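Trainee: Chains L and R are the protein sequences, given in the same order.
Sequential numbering from 1 applies to the first sequence in the working numbering.
Sequential numbering from 1001 applies to the second sequence in the working numbering.
Hints were generated in silico from the structure; no laboratory data involved.
As the structure is a prediction and not an experimental result, all values here were calculated from the model.
Treat each hint with caution, since some may be false.
[Said to hold, decoys possible] Taking CB as the label site, the calculated pair distances span:
id	chain 1	residue 1	chain 2	residue 2	range
1	R	1147	L	181	41 to 47 Å
2	L	201	R	1320	25 to 31 Å
3	R	1259	L	116	23 to 29 Å
4	L	144	R	1259	39 to 45 Å
5	L	83	R	1318	29 to 35 Å
6	L	184	R	1271	41 to 47 Å
7	R	1300	L	84	51 to 57 Å
8	R	1300	L	184	38 to 44 Å
9	R	1259	L	181	53 to 59 Å
10	L	83	R	1243	46 to 52 Å
Cβ coordinates follow ideal geometry from the N, Cα and C atoms, glycine included.
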Amino acid sequence: MLSGVPGVPGGTAPRILLVDDDSNLLVLLADQLRADGYEVATARDGDEALRRLRTSWPDLLIIDMMMPRMDGLSLAREIKSQADLPIIVLSAIDAGDSKADLLEEVAEDYVTKPYHYPELRARINRVMRRLGDKVPRQSLVLGPDLTLDLHRREATVGGTAVQLTPTESRLLYALAANLGQTISTETLLARGWAETEDADPSYVWVTMRRLRQKVEIDPNKPVHVLTVRGVGYRLARHGEAELPTRG
Amino acid sequence: MVDPGSEPAQSRGLSFRSRLTASLIATAVLPLAAFATVVVLADALSAGGADPTFGRLLLFAMAVTVLVAILFSYLVATDLTRPLRAIASAVDRVSAGDLSTPISVPGDDELARLADSHNRLAADLDRRDRQLASILAAIVEVSPRDGVDFLVGRAAVDAKLAFDLVDAHVSLGNPALYPAMEVVPGEMRPLRAVLRAGDESLGILVGRLPPLRPWARADQDLLELFASEMAVAIRNAELFAQVEAQNAQLLELDAAKDDFLRGVSHNLQTPLTSIRAYADQLGQDRPDRRLEVIREQSERLSRMVRQLLTVTRLESGALKPRSEVVSLGTRARKAWEALGASDAPFTLDDRSDGWLAIADADQLDQVLWALLDNAVKYGLGAPIDVTVEPDQAGERLRLTIADNGPGIDETDRARLFGRFVRGSERGPDEGSGLGLFVSRELCRAMGGDLVLEPPVDGRGAVFSIYLPAELAREA
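Please take these sequences and the hints and turn them into a complete structure.
Mentor: Have a look at this one:
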């Protein structure tokens, strides 16, 4: 993957629909993405984007948050109501904003303007990789005391809602997509920190420890997020915790 | 009937009954006894002890008469005092709180009338008791959240129920607009009570009492008490509604301000995004220091826009940093590279030794940019030394930035972290004066702190960032 473009079922170049009201940016970003091997279509506003969706579906959408007439949030909701297409939001508003929080429930990722192209590309690749992971949009019940709602970045632990950070929910997403199976620390590292160049396994360890403190009743005796020593981690299936563990 | 022995009179000597019995005996028996004594004495003097049988018979008859008189006296006294005892025990019950059992005294004499008037008194007391109870219940249930209109309607209904009125109505406004009406005997009696809260009259409660129903001073007092309690409740509701309206307005203004700032941010960042991206692209095709400058300066401008937004978010508490794993040393190096001040010497001594900071990378970048930017500006070209090490005290990492410049004046040290403060003597200034203020607030919001270290000769200004940290190990 020299160009950083992941393979897509069908073997063709991934198609991206770019929606932004700033024509300068539209041209430039389309150029940058095409140079990296993506097939890019553009739309100047929400209506045009929806019209384009009627003729063909892209593999991913990049949407500006602030646009005249239909804003990014409304557009993202409209698209998600039609099809579960991955969406990356591009916005001048930083991620600490309440409006950004709303968007993160709908969109897969969030990139702040002015964007740094290599970082944007890393995030596109991560979202595309995740396409293969099929995690239901409904909440995932893992036991009597743990329910995950990854699309809202929320866990319900013993009846109490706990907010997850974006990285924590990305790791859980990767684990939940392969429920019961061990995921290597390297894979988790790639999923959690695609745009952090020098991240190392210690990032995964510390994040897992913090995650356990959030979702396990007794973080020292985890029953949901389990360590496979020297390999990685796995998320226990519902009911697995009650069964006697095999040697 | 209550046992007469429980009457309190008993304890204070002879009871009324005993005294009545004694006086009846005295009035009935004493003349008879005197008469009999005279007869016996006269007989004895005239006959000279002629017939002892007659004397004995007379004495016997006298004794029987006395006994019969005592018995009758006792019975009469008991009968006469029974209504009195009934009344006494009823009054006791009333004072013990039982208003429901009337006294029944047959006949039409003075005692029966006394019993009647006691019964009426008890019934009045009972009625006022119930009125008071329903008034209290009505007052307790009142909440300022109910709203003025609801309370006005409710006050009328409660008054009608509590005082058993034909109708009741509450009007807000000047009570003088509702003059007192004349009381016509045999017709419904008009009632009024001013809704008074403190010195202020809010309105009036008017109602009508069924004909022939008694209405005493005490009833009027109770009605006025009710009216004034309702007036207080209505005033509270008015104040509450005012506060609510103000809150709603503030929220609206706040939302409008947020929207405005988003708009400003968007409108400033959008062109900067293009500028930066085009400079990037051109720089890739044909490396040029001038393109670097464009990129750096556009980024700098974009950071300043963000800093302004961050201040307003910090003020409104809308900024909620995320706790993610961050390598402090790496973050500092990247921040330095992004700053583009490559001409100043920079050293990074990372001794974090397996400790990772827990912080919001975006917000941390803002802090690092601001501090490094200051170090370049005020260090006047001296080398900038950054050190990362675990804090001895415990689960924290400390990042120290020393600019090795002239340092900070004593006068500036104290006010350095204020808003819009710029170093007075510290050389050229291009900042917003918000950098240190925002940085310290951001560090605190992330559970850490930013401090200015005490001056050490030759090291210039030394700032330390403290952040919560964890020791990395597979777990």
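Trainee: Hint numbers the structure violates, sorted upward?
Mentor: 1, 7 and 9
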